Amino acid sequence: MTIANDFNQSGIVQRARNILLKPAETWGVIAEEPATAAGLFTGYAVILAAIPPVAGFVGGQVFGHSMFGITYRPPFVGALIAAIFQYVLSLIGIYVFALIVDALAPSFDGQKNRIQALKVVVYAYTAAWVAGILTLMPALGLLSLLGGLYSLYLLYLGLPRVMRAPESKALGYTAVCVIVGIILFAIVGAVVGLLGFGAMSTSDMGHISTTDSGGTSGTIHIGGATIDMDKLNAATKQMEAATKQATQGGADTTVAAVPAIPTDTLKGYLPASFSGYSRGDVEANSGGVAGFSGSNVEAQYTKGDAHLKLSVTDIAAAGSFAAMAGAIGIESNKETANGYEKIGKVDGRLTTEEWDKQSKAGKYSVLVADRFMVEADGRGADMDDLKAAVAAVGPAKLETLAKK
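Residue numbers (my numbering): 526 to 929.
Calculated from the structure, these hints are not laboratory results.
Being a predicted model, the structure only gives us computed values, none of them experimental.
Virtual Cβ for every residue (Gly too), placed ideally from N, Cα, C.
A portion of the hints provided could be inaccurate.
Below, in silico cross-link-like pairs of lysine-lysine (BS3-like), each with a Cα-Cα straight-line distance of 25 Å or less [said to hold, decoys possible]:
hint, residue 1, residue 2
1, Lys-859, Lys-912
2, Lys-885, Lys-912
3, Lys-912, Lys-882
4, Lys-637, Lys-792
5, Lys-885, Lys-867
6, Lys-828, Lys-859
7, Lys-870, Lys-912
8, Lys-882, Lys-922
9, Lys-885, Lys-922
10, Lys-828, Lys-912
11, Lys-637, Lys-694
12, Lys-792, Lys-882
13, Lys-885, Lys-870
14, Lys-888, Lys-870
15, Lys-867, Lys-888
16, Lys-888, Lys-929
17, Lys-828, Lys-888
18, Lys-828, Lys-870
Using C-beta positions, here's what the derived DEER-type ranges look like [to be verified]:
hint, residue 1, residue 2, range
19, Ala-563, Asp-907, 54 to 60 Å
20, Val-583, Ala-797, 38 to 44 Å
21, Leu-614, Glu-550, 44 to 50 Å
22, Gln-636, Ile-572, 45 to 51 Å
23, Ile-868, Glu-558, 35 to 41 Å
24, Lys-922, Asn-863, 41 to 47 Å
25, Gln-636, Ser-884, 32 to 38 Å
26, Ser-632, Ile-609, 32 to 38 Å
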């Protein structure tokens with residue numbers, strides 16, 4: 526039975542499975558099949574796009590949002606309105622992003638076609654929408670980001686097939702589409718229509734140098750964002766290998782499996798003490814799905830009235846998706862009267878930092894070797910304590926572990 530027949534007979538579920546597990550083959554079918562904007566939305570997007578807001582709403586009401594030992598359940602009406610607003614904006618975002626893909630096609634020797642652009646955006650979003658089910662349990666919400674990164678990979682595979690762009694320019698096409706999309710969505714609150722979209726210029730979106738082999742290299746600078754094309758290219762190759770391993774179940778002997786580090790090994794990276802803090806309860810979890818595995822260990826630490834949680838998570842093969850995030854460098858620094866939030870790179874590692882002076886609570890996390898997430902969050906501790914906790918794990922030691 527062909528993929529096209531699967532879609533006709535089994536509908537949305539089979540198409541979602543195919544684009545996630547057999548993306549290259551499925552994009553070829555999608556590129557040639559007839560479609561309409563109404564059909565793409567009503568027959569696919571409006572259904573899958575509901576997963577993240579519905580799961581987030583239910584999860585918030587049932588489990589609540591926990592941080593520093595405190596659980597908060599948002600008001601029912603307010604949470605419902607927020608979920609509806611998120612849903613509507615996500616559908617609007619799909620259309621806006623399709624316009625971006627269509628507008629940029631000629632710049633990368635692709636063919637302008639509004640319906641084709643909508644196809645590639647709608648189906649590339651599948652991974653992000655399906656991963657949205659993880660927000661049903663707020664504690665797992667961060668893992669839904671992996672779905673978003675896999676959607677970027679799907680976009681990268683789909684653009685040359687659906688928009689007829691050369692394979693050698695697919696990486697640059699993807700990168701510029703994503704960055705322009707981020708910039709536009711950042712100001713979506715100030716944009717009430719699409720009247721000014723046609724005036725968007727691609728001439729100042731950055732510079733892409735082409736190697737002798739026809740690949741894409743160099744760096745793209747757009748606004749406050751920077752894309753390392755060499756790292757992005759390496760990340761997509763890692764993602765291709767990881768996807769083959771997951772979907773072929775080891776049948777392809779040229780692709781080495783990347784198992785998660787056993788929890789007993791990870792526990793050894795949690796210090797018994799540091800900076801006057803003593804370790805208490807330790808918890809370990811591991812599991813896998815669709816060929817991808819992961820492991821997590823976390824421990825509670827106390828020093829007087831201060832307490833914090835230190836965790837180490839190994840996302841193993843899925844780290845190839847995180848590598849794409851590392852290739853797209855976006856720095857953010859937000860300050861309020863009571864604290865601040867920062868996102869950027871420290872010593873070459875993607876780092877996030879949050880602090881609330883009023884409650885004296887914060888969080889500090891570091892992505893190590895595009896694979897391990899080391900995070901400390903606590904209350905009554907100061908930011909230096911949180912950074913000391915992460916340093917006590919030994920990011921350099923984890924980088925060495927990742928190479929074994």
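Point to revise | Which numbered hints fail | key: Violated hints: 4, 6, 8, 9, 12, 16, 18, 21, 22, 24, 25; rest satisfied.
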